[in-house]
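J.: Chain by chain, the residues run as shown.
There are 2 protein chains.
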Amino acid sequence: MGNPEEIDIDAAERETSLAEEVKYHLPDDKIKEIVEAARQQDSDIVHAALDELSIPDSAELLSKINEYDREELLSMYSDALDPAIFTEMAPELRRTYLSEMPAARIAQMVSELESDDALLLIEDLDPDFQQQIIKKLSAKTRLVLEEGLNFPEDSAGRLMRRELVSIPDFWTVGKTVDYLRTASDTLPEDFFDIFIIDPAHHLTGEVPLSRLVKAKRSSQIKDLVLDDMHPISSETDQEDVAHMFRRENIVSAPVVDDSGRLIGVITIDDIVDVIDEEAQEDILRLAGVDSGDLYRAVMSTTSTRFRWLFINLLTAILASIVISFFDTTIEQIVALAVLMPIVASMGGNAGTQALTVAVRAIATQEISGTNTWRVIWKETLVGTVNGFLFAVIIGFMAAFWFASPILGVVIALAMIINLIVAGVFGAGIPLLLDRIGSDPAVSSTVLLTTITDVIGFLAFLGLASLLLI
Amino acid sequence: MGNPEEIDIDAAERETSLAEEVKYHLPDDKIKEIVEAARQQDSDIVHAALDELSIPDSAELLSKINEYDREELLSMYSDALDPAIFTEMAPELRRTYLSEMPAARIAQMVSELESDDALLLIEDLDPDFQQQIIKKLSAKTRLVLEEGLNFPEDSAGRLMRRELVSIPDFWTVGKTVDYLRTASDTLPEDFFDIFIIDPAHHLTGEVPLSRLVKAKRSSQIKDLVLDDMHPISSETDQEDVAHMFRRENIVSAPVVDDSGRLIGVITIDDIVDVIDEEAQEDILRLAGVDSGDLYRAVMSTTSTRFRWLFINLLTAILASIVISFFDTTIEQIVALAVLMPIVASMGGNAGTQALTVAVRAIATQEISGTNTWRVIWKETLVGTVNGFLFAVIIGFMAAFWFASPILGVVIALAMIINLIVAGVFGAGIPLLLDRIGSDPAVSSTVLLTTITDVIGFLAFLGLASLLLI
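Chains as they are written, first to last, in this note's numbering: chain X, 1 to 469; chain G, 1 to 469.
The following block holds chain X by itself, in its conformation from the complex (with noise of 0.2 Å):
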């Protein structure tokens, strides 16, 4: 701090970030000038650009640069690179760097860091390559990822911290302060709850830091705990803590094992990635897109996205089947072949926005047995008037277009029916594919274009050659 030169920049930094809108991310013309020195081999710019850098700055520079000059960069720099860089990247891209990396480095680097994130450093590699790492661990640490990685994949278990301040119930606040102070060294560096425990390790309370902070030193640590604990298993899905962590409104929470013993802690910043982690998944999941696309090579995105349009293939076949039942009648109206899409275009349109409105009330746990058929009739009755609306703007609008006001009172029955359904199957898929344990977001998109596709090409061709012929 005694640099002048250093005080200075801090101010001017401060200024800017007060006076004008701040968008938090590294300047493009900074990535581009830590480039432009790795590409000439300049290793003293590039050390000194990269030391300059914060850990969130680092994680974006090698998230956003294309893989040769990652590969430039990590060829100078790598043994420099702070562990905690590859905690704050996408999960895709972390498991490509580090599979790139000696396993002796790996094991060098999650030795450094705390539980949590030694564990999310390596959850993702391939096992063989996880096994290398860990046995070039201190039998400590090794113990510690081993249990870790015995929870299930996206359990309370993989999430929380084991670092955690804990004392016994029989404490005053002043016995626990003192402590605090002498003990200090070997504390987490940030935590916001103290836990009492009993001597056979089993949660008895919590107590919030600001409680601590107020109460006389006289008082009992046992006086101050909170009402409402919420313990919660190591096995529990992460999805389920999230919604846990946002219903109750609480900032961190213990883990306990089967018998009811502290063993770790969540505090709501691992909960934020959770919870933007599955609201990414629905929201890609219903594109039928994996999660990590952005940056995966061409080729693995080409041969994820390619099962997903796939199944899309088969559905338009289907609709071009149900088309061809209907040949001579478009031979000899060819203005059907011209209005067909627009049945069941809309139909896939209106039932989508009922799907996506079930899919995240499934997501946020805002539907139950209490509202379900409520919700569905709801989207029924959103169907039907909708259908009834647009049933006249088309009928008129084809009517006048082909001069034939009977090719407009089809286009608009067709159109009342495909909407109807939309609803019905838009809010009734997601809900009846979640009742049955699946996943509404993934397939959900396609059985409903499916079903507007088909129901749409079926009730205009149908009923022009029923009443047009």
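It cannot be assumed that every hint is accurate.
It does not matter which identical chain is meant; a pair holds if it fits inside one copy or across any two.
Claimed, not checked - Quick list of in silico lysine-lysine cross-link-like pairs, DSBU-like style, CA-CA up to 30 Å:
1) Lys175 - Lys222
2) Lys175 - Lys216
3) Lys222 - Lys32
4) Lys175 - Lys136
5) Lys136 - Lys222
6) Lys30 - Lys175
Everything labelled a hint here was simulated from the structure, so no lab data went into it.
Given chain X, put chain G in place with the hints provided.
T.: Just chain G now, kept in the frame of chain X:
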């Protein structure tokens, strides 16, 4: 705690919550029971049951029942409702409830809440009604709320809590702790940090509680401050605030006014709601649905969805017009009518994949100048590769189905063209919209579908009329 019955219930509950997979919600049976009692006007049972519910449980109850039961319940229990229940509801539902309550009752609830929750309660209400409520408040609460409402919607100023702990920088840890103990009644219930201010109330430092409790009484408070504070301007958009919290991995941040004076604090539990809301908004906007849709009445939902469907209708009509250019071609070869939806639908689906990835990457600020072109280029390549793959599949299928190799060639070429177009525009449209300052989630889908439909039909039917006639 002296009552043995209460202790038994607690123990039983703790047992359950550890033994089985916990779902954090109010059981449907319980909801049914309360609704039944309300319908039978059994005020005693309703009161007993509601008194027993936690705040999140009550909010869930009021969210899941239908409007008639809601009115019934409120008429019996309204005055006994904890104001915090309304802060836990979806905004749409909160507005519905509060709009029907007397201003005096809302004013009473507002004065019981902390500043951020009070603002949340009234910020979405009709301005006239807001004024009625504000008039009934004490001068101090009124001032705080009016100041809050003056901040832009969705800004840090709306999100922050004014209740915080601030001290001068010349204090020691001992003096600080003594102050916290003495002033404990006037301090906020929960807080994570202590802020250091100068005599003019300028923010100069931030000390996390976990640092304070570990420090010796004789330590200077200014030696404990964080190296990197992240002060937020009160005008900053909540989306940027959320991005900053996630990026920097922090749990609370001070809010300052234009001259750097400390005016509030934002904690990560508020950020969780913002992240949730923003992800929710994106997923709903992509499908053309308003947030809060689940809690709207049928006619209100119908009218908001109508607008989106109407725009989609125009798109579909545009596609029909394209088809109508080729009506004589279709009359001669009806197989074209059968196959033409396939090309358009595959383009729409492939484009939506690229579009969803781009929309999310923009929202999470993973795309900037550095990688914009790389993302578009990658999507173009993915579209090209998948275009060729599906060209082969659908080309052979069509050739065999209609015994016409040239028809196979036509649909194959159209597929390649449309999937490349889907890749380019799927990634390009949201990036362009973002560049011109428009929300990419709102209008990307319609623009994309218009393009993939028009190009799909144009390429397939156009090539057919060139090569087949």
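J.: Which numbered conditions among the earlier hints are violated in the structure presented, ordered from lowest to highest?
T.: 3, 4, 5, 6
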